[in-house]
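Number of protein chains: 2
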Amino acid sequence: MKGPASLNRLTIIGVGLIGGSLARALRKWGSVGEIVGSGRSSSHLQRALELGVVDRYELDPAEAVKGADLVVVAVPVAATYTVLQSIAPHINKKVVVTDVGSVKGSVVSDAESALGDRFGRFVPGHPIAGVEHSGVEAAFSTLFVDRKVILTPVEGTDGDALEVVEGLWETAQARVMIMGVTEHDRILAATSHLPHLLAYLLVEHLDSQEEGETLFDLAAGGFRDFTRIASSDPTMWRDVSLTNREALAEWMESYRKRLEQVIDDVRAGRGEQLQALFTKAKRARDRYFPPDEGLE
Amino acid sequence: MKGPASLNRLTIIGVGLIGGSLARALRKWGSVGEIVGSGRSSSHLQRALELGVVDRYELDPAEAVKGADLVVVAVPVAATYTVLQSIAPHINKKVVVTDVGSVKGSVVSDAESALGDRFGRFVPGHPIAGVEHSGVEAAFSTLFVDRKVILTPVEGTDGDALEVVEGLWETAQARVMIMGVTEHDRILAATSHLPHLLAYLLVEHLDSQEEGETLFDLAAGGFRDFTRIASSDPTMWRDVSLTNREALAEWMESYRKRLEQVIDDVRAGRGEQLQALFTKAKRARDRYFPPDEGLE
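Protein chains in written order, with the numbering used here: chain A, 53 to 348; chain B, 53 to 348.
Hints should not be assumed to be uniformly reliable.
Pairs of lysine-lysine residues, derived as DSBU-like cross-links and limited to a Cα-Cα distance of at most 30 Å, are as follows [claimed, not checked]:
1. Lys332(B) / Lys309(B)
2. Lys145(B) / Lys309(A)
3. Lys145(A) / Lys200(A)
4. Lys332(A) / Lys309(B)
5. Lys146(B) / Lys80(B)
6. Lys145(B) / Lys200(B)
7. Lys309(B) / Lys309(A)
8. Lys118(A) / Lys80(A)
9. Lys145(A) / Lys118(A)
If you want the ones that stay clear, here's a sample from chain B, every Cβ over 10 Å from chain A, calculated [to be verified]:
10. Lys80
11. Lys145
12. Ser165
13. Phe171
14. Gly172
15. Thr243
16. Glu256
17. Arg310
Covered stretches of chain A, as calculated for chain B (at least 3 residues, CB under 8 Å) [unchecked claim]:
18. 73-86
19. 148-154
20. 212-220
21. 307-314
22. 318-330
FYI, nobody ran anything at the bench for these hints, they're computed from the structure.
Where is the CB? At the ideal position from N, CA and C, for every residue including glycine.
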């Protein structure tokens with residue numbers, strides 16, 4: 053445990069579900085002198101203050117980071133560059149900066165151009181935690197308990213900065229993994245970005261049919277689960293799709309090719325192939341997500 | 053309410069989740085003299101007897117249907133023909149026969165050839181109810197409450213037989229809808245069969261990768277929900293895919309075409325198109341499945 057015990061001041065830019073839950077976790081398990089919030093909406097920040105998530109807030113990120121030991125940027129991926137650029141002149145050589153974006157390649161290059169010679173202090177991070185709800189009202193201290201947090205330091209990342217961010221997440225009871233930027237983006241494209249695209253596409257496709265209403269009316273629980281992620285924030289997913297487009301398009305394309313083969317199998321009535329496919333899939337699904345756990 | 057109040061003897065062939073739940077519902081809300089079970093496994097039938105789901109059982113379907121007013125065939129779609137053929141000589145002109153299969157085209161033609169001049173007594177049915185669990189142990193009387201049950205009578209179906217089956221499901225508190233066979237199979241291919249294929253395919257595709265284990269290890273709640281239906285019974289879904297292959301292949305193909313366009317949008321970084329797609333999908337999803345309901 054590296055522990056952020058020596059933190060005098062933590063600044064969180066973007067006090068939503070992720071940023072707010074991290075603040076709550078640090079209050080519970082860590083020792084932080086002051087937590088300062090920042091963001092675009094003063095009413096949201098006011099709410100965060102009332103809820104005791106932050107000790108005070110500053111609308112201007114440049115003001116908010118003054119005197120901070122650690123800055124957590126928890127804004128949409130597309131806003132990362134602007135935020136980092138606005139705080140760059142105001143952070144000293146000892147400050148550590150990290151983010152929580154679900155795409156790391158674009159964030160790293162944004163950080164490189166926005167932070168200049170402070171880039172070594174930036175540790176790219178991504179907590180793999182549910183985002184079905186959003187906003188500071190939904191924040192809770194145990195969101196990250198036993199969840200994985202991937203950190204993707206690059207060659208220029210300072211070792212001590214990495215240690216501070218590892219300590220941050222360990223304090224929040226998360227399991228920290230270190231991984232390359234490209235590997236992260238390739239893996240998340242497969243397990244998160246591709247399923248989101250497929251779900252959005254199915255709902256849109258059925259909704260575009262003349263009999264759309266009848267279709268949804270007769271959809272049952274399986275459809276409901278399958279399409280739950282199609283209820284996610286469209287702007288966020290546009291940004292993810294754009295910033296991770298190469299890896300995402302590659303997975304979509306290889307999936308499309310397999311789909312083409314399976315359409316062929318269905319048309320030709322190749323029962324053995326279909327049963328082999330379904331059996332292999334069920335076996336993998338049940339191995340990684342045992343059916344008796346939770347609601348299944 | 054047409055009500056099956058005058059049922060002296062109900063025979064259920066295949067006493068699993070669906071057949072068992074229907075038996076329990078009729079015991080609770082209907083008035084049935086005797087419920088006779090039949091099926092392939094004497095241990096399952098013995099369990100159904102111990103649980104009070106049936107009053108007695110006969111392994112031989114021909115024996116089980118003797119003296120029945122109503123026969124419910126709740127076996128896998130692929131077994132329908134064999135079951136109907138074995139009972140055909142033993143049902144008189146007054147007996148009503150119905151099924152619960154999730155594909156209706158193949159069932160209707162199976163029934164036509166298996167039942168011959170008794171075909172008018174057969175009412176094709178499909179309760180749209182969850183099948184995440186299975187087996188008589190999981191059966192419960194309220195499974196069908198407020199769920200939709202689609203009946204697809206054809207030209208030769210006797211009107212009084214249809215009324216009996218309507219009454220059966222209304223007694224179980226289900227909402228009965230009448231629909232054409234082709235329409236049923238086309239709609240269910242879109243809302244149920246297509247999503248199952250897509251989910252199976254995603255899990256199999258990721259599991260086929262060298263880094264498969266890492267992929268699943270980093271998959272979060274969204275992936276878990278999306279792939280829940282990939283845990284369904286492979287044999288059942290092979291049969292559904294084979295028996296409804298035309299409608300299913302058509303939906304798979306139109307989905308594949310849309311996917312191709314969206315891959316293009318992602319590659320070209322067409323943010324506006326992507327946001328429009330996601331927004332349209334989210335709006336439809338939230339309209340039909342309000343986000344505040346249930347677990348979301």
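* Mind listing which of the numbered hints don't hold for this structure, in increasing order? => Of the numbered hints given earlier, those the structure breaks are 2, 15, 16, 17, 18, 19, 20, listed in rising order.
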